[in-house]
Structure formats: structure tokens, C-alpha cells
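> Got chain G sorted already, so can you dock chain C onto it with the hints?
Protein chains: 2
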Amino acid sequence: MLTKPNHLFDDATRVEAGDSRWQGRTSPDYWAFVGPFGGATAATILRALIEHPQASGDPLTLTVNYCAPIAEGPFDLDVRLIKANRSSQHWCVELAQGAQIATIATAVFAERRASWSHQPATFPQATPFAQVQPYSKAVAPWVKQYDLRFVEDRPDVRSGTKTDNKSGFASAFTKLWIGDRAPRKIDALSLMAMSDAFFGRIFHVRQEMVPFGTVSLTTYFHADADDLAKEDITHLLAVADAKTFHKSYGDQNGELWSPAGRLLATTTQIAYFKA
Amino acid sequence: MLTKPNHLFDDATRVEAGDSRWQGRTSPDYWAFVGPFGGATAATILRALIEHPQASGDPLTLTVNYCAPIAEGPFDLDVRLIKANRSSQHWCVELAQGAQIATIATAVFAERRASWSHQPATFPQATPFAQVQPYSKAVAPWVKQYDLRFVEDRPDVRSGTKTDNKSGFASAFTKLWIGDRAPRKIDALSLMAMSDAFFGRIFHVRQEMVPFGTVSLTTYFHADADDLAKEDITHLLAVADAKTFHKSYGDQNGELWSPAGRLLATTTQIAYFKA
Chain G
0 MLTKPNHLFD DATRVEAGDS RWQGRTSPDY WAFVGPFGGA TAATILRALI EHPQASGDPL
60 TLTVNYCAPI AEGPFDLDVR LIKANRSSQH WCVELAQGAQ IATIATAVFA ERRASWSHQP
120 ATFPQATPFA QVQPYSKAVA PWVKQYDLRF VEDRPDVRSG TKTDNKSGFA SAFTKLWIGD
180 RAPRKIDALS LMAMSDAFFG RIFHVRQEMV PFGTVSLTTY FHADADDLAK EDITHLLAVA
240 DAKTFHKSYG DQNGELWSPA GRLLATTTQI AYFKA
Chain C
0 MLTKPNHLFD DATRVEAGDS RWQGRTSPDY WAFVGPFGGA TAATILRALI EHPQASGDPL
60 TLTVNYCAPI AEGPFDLDVR LIKANRSSQH WCVELAQGAQ IATIATAVFA ERRASWSHQP
120 ATFPQATPFA QVQPYSKAVA PWVKQYDLRF VEDRPDVRSG TKTDNKSGFA SAFTKLWIGD
180 RAPRKIDALS LMAMSDAFFG RIFHVRQEMV PFGTVSLTTY FHADADDLAK EDITHLLAVA
240 DAKTFHKSYG DQNGELWSPA GRLLATTTQI AYFKA
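Line by line, the protein sequences are chains G and C.
For the first sequence, counting from 1, position 218 maps to 217 in numbering that gives the first Met the number 0; every step adds exactly one.
For the second sequence, counting from 1, position 67 maps to 66 in numbering that gives the first Met the number 0; every step adds exactly one.
Just so you know, these hints were derived from the structure itself, not from any lab.
You may find that some hints are simply not true.
Same chains, same names: a pair is fine if it fits in one copy or spans any two.
Stated by the list, open to error - Pairs of lysine-lysine, BS3-like flavour, derived with a Cα cap of 27 Å:
1. K3 / K273
2. K143 / K184
3. K242 / K3
4. K184 / K136
5. K143 / K3
6. K136 / K273
7. K136 / K3
8. K229 / K242
9. K273 / K229
Everything numeric in this text was worked out from a predicted model, so none of it was measured.
So that you can see chain G by itself, here it is in the shape it has in the complex (with noise of 0.2 Å):
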């Protein structure tokens, strides 16, 4: 009997349930420069309080702290409900090797009652997915498991820095379509990796590569389990930006779209830089 393979995504970011000590592995196919991608990792933290048998309600929001590098090989999670009501709970999260603490995540699920729904933000105007060519200079191996599209600002990394507005240095937003390369249903887990899977804001101000890594990253969820089943995509529109590069650190938001115009998530993440 033939059973369907897990997509590449589940894979790396499976978990094998503990009492409160669950455990996971750095994937080589989701793998970064020096660790694993960020937003696989905060995935797989996302995984295990989905997958928790006290967990209630769909997540959300959650934080991860990247505090040291994540070698290959197996973690730990240990998962902790810190607080939890009718209608939220409220998780914490450290992902460790052996002795050392390398992540600390918190999370909050809620039960999403019906409400008064407004959406006060404007869906970006895009070049239809099917129009865009992917992207196909992914180096990274985690850059090749996703299918990116880019309508604006395509990153040119190799150019060195041009002088084409009036800072002298490119703009720090980017628009592009994103899926799994392989398509997978957008969830919960992969808006929390998507939103990490922007390249590093100032790669596209400077157009070129410097050392930079992912402090922390927060992840807003607007759709719940019903929203995204109700979509039922394979592939979202998103944009990102930045405000401010100043002594090592810079910022970057983003928005999560679905094709039809729903705000799925928002996110921001502070990074460190070496420019």
C-alpha cells in the first residue's frame, strides 16, 4: 500500500512528545548559513505546543528568542503551560543541546470567538503569482524549500551597494509571492516559518551580503485553523520593510496576505548586523 511521504517541511520540524521534555532535529534540508533557519526552528517550537495534549484554542502569537547557535543534531524542548483560562493559554518554551539554553519562546493561544471583523490595512496590488518567475539563486539549502516570487525589489545581492535614491542606498522593502517549493497547504506552521523567510532587510538596502542573524522574532496570527482551511492556499503574498539600522541592529515587519486579501499574520523581528 503506497502511503504519501511527509512533505519535506514536517519533516524537519517533527517532534516526539515528552512528558514536559519534547525533542526535535536540525534539519539539512531547512538549513541556514551557521544553524538551522530561524523560522524552521520557531516552527518546530510552534509544532510541539500545537501538537501538546493541553493545548486548546489556535495560536496567537509567539516569540522566539534566538540566544546561540543551534548545532546539527537533536534538541530539546522544553515546553511549560505558564498560565491558561477559558478562553487563553499561555506557553513558554526553551529549545536546549545538552546544558545550553540556544532558544526561549513564548507563546499565547486563544480560542477566536466570533467578533466584529475590520480590516483597516491595504492588500498590496501584485503581478499574479503565475506571472512572477521564481527565484533561483538560492545558495542557502532552506532557500531552495520555498518557491519565491518577487514583484518588487528583488534582492541583488552581488552588485555592491548603488546609489539609486536619494540616501544612497536601495530600499528596504520587498514584495514577493511565497510557497513551499514542493506546494503544502498554508497552516499555522508555515506562516510562523514564512514569516521568518524574508531575506535580511539589509541585504536588500546595502545589495549586498554582510553578517547578520535573527535576534528575535514575533509572530501575530489574524486567521485561525477555520480561517486558513477556508482559504485553502498553497502559497501567500508578502511584503516587508525596515525602519531603522543603528549601532548593530536592525528592525523588519512584515504582513502575510492571502491571495484573496485576508491578513493572515504580521511579524517583526529584530537582527543583529556586522556593516
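Just chain C, lined up with the frame of chain G:
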């Protein structure tokens, strides 16, 4: 001999050092509707970190998850240094009353080394502070501790919903000057508190008060203590906006600017509402 009395804000956010367990207490001066002003709680947590003997560097990011109401009175702060390396520190703080955890926070401190600087964000144009009338309709005690001067979208929460744009709702965007009512030099503590000093976006959008509570707040600091000392300011220009309200939760994103045009902090939060 005359001693200068503490600023109310410093009294409100005072902490008493312990070993890993510190103590604070709620302040009637910074009380909100059903508990302390979340910005004061966040600033108290940040103060425990800044005053911690092991603290090194400047605050880079603080995320505060509000798990349960904090009752009037004392609370414990369980402060843990999760990981430190040469240039950064990762902290976790749990605020508890008895056995009940009411708040959990994670923070990163960093040595802010000189680097390339670039500020793509545009300084919001505004009528100067001195030419704007202070907001005088404060009801909650904490609001009275601030000098709020609305440049755009002065809240009018008693008028009921107006249909003054095509969505049928008012704008979620606000621009205001903000300082402590008794002027106090802006530091990381006041930046932290002021990043929660915007009124709920839903109050602006619906132009009415509804049950509301911040669930998670994240602030990134783009200026270190030296930068803030050089600015030497007692008020700042702040903008806030929202992107979506859906199934009982809505977001907020904000920027805190020095009057001279430096982006000091960016902030985002997700909040519960009933509407």
C-alpha cells in the same frame, strides 16, 4: 538638607532586589481599569533587569505577555539570565502574586557597538509640541500621569461610531506628542511604558469604549543610553496604527520618535476586545 523627591513613575516602577526573586508593587498612580497600566508593569520588569547586578549592555527588545490580572499590592519578579555571550544577554522574567503567574516576559540586552547607520523610516510631520493642546479628558489614573497632545485623530470615544470613511469606521491611525505629566527625561524605562500608552486602537476606530486588554507587547529599542542622553528630551512624537481586528483580537504597531527625528523605539501589540 533637601532631597529631590522621586518622580511618580520611578516610585511606581520601583523594585527591591533579591537573589533571583525581586519584588515590586502596583501603583495607584498608574492604575488602569481592572489592574495596573500594562506599560508600568512592563517598565517595572525592565527596571528589574536594568538594575540587576549581572545586567550588561542596553535593552534591545522586551516582550511582555499579560497572562492574568494583577491585583493591587506587591508582586514577585523571578528574574533569570537564560544565556549570555560577549555582546548580548537573554533574560526571562515571571511576575507572580503568590503561586499565580500574572506576566511572563523575555528580553535581550546588547552591547550596542558603533556601526553603519541608516534610518529608512520617515519622521512624521507634526505641529510642534508647544502648539498642541494637552488632552484633558483622562479618566484612568495612568492617563493623568502623561501629557498627551494629539496631533491627529484625537480620540472621541463618547460620540459613537462615525461613518467618516468608506469602511464606515474611523481611522486606526494616531499621531501624538507624549511626555510624563511631570517632565522626566526619556530613558529606556519611559520608552517601554510609553510604548503601551496609546489608547486601544479599537477605541479610535469604533469611537467607543469596549472591553479591551493587551495580551502581548513587544518593544524594540533603537537607541541606547548614550543616544538617549544625547537627545536629552522629556517628550517624544508617537504614531500608532492597526492592521486588522478579527475574531476578538486586534493588533497595534507604533513608533516613538525624538523631536529631532531619531526613531527611538518601535512597538507592536496584540489585544483582546469584545465587540
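> None of the hints should be skipped; say for each whether it holds.
So, going through the hints one by one against the coordinates:
Neither within a single protomer nor between protomers do K3 and K273 lie at most 27 Å apart by alpha-carbon distance, with minima of 44 Å and 43 Å respectively. Within a single copy, K143 and K184 get their C-alpha atoms as close as 18 Å, which meets the 27 Å cut-off; across copies the closest is 49 Å, which misses it. In the homo-oligomer, the alpha carbons of K242 and K3 never lie at most 27 Å apart, since the shortest distance is 44 Å inside one protomer and 39 Å across protomers. Proximity of K184 and K136 under a CA criterion of 27 Å is satisfied intra-copy only: 24 Å inside one chain copy versus 49 Å between copies.
Proximity of K143 and K3 under a CA criterion of 27 Å is satisfied intra-copy only: 22 Å inside one chain copy versus 62 Å between copies. Within a single copy, K136 and K273 get their C-alpha atoms as close as 23 Å, which meets the 27 Å cut-off; across copies the closest is 47 Å, which misses it. In this assembly of identical chains, K136 and K3 lie within 27 Å of each other by CA distance neither inside one copy nor across copies; the values are 30 Å within and 63 Å between. Proximity of K229 to K242 under the C-alpha cut-off of 27 Å is restricted to the inter-copy arrangement: shortest distance 21 Å between copies versus 34 Å within a copy.
Taking identical chains as interchangeable, the C-alpha atoms of K273 and K229 lie at most 27 Å apart only when they sit on different chains, with a minimum of 24 Å there against 43 Å within one chain.
The structure is inconsistent with the numbered hints 1, 3 and 7, although it conforms to all the rest.
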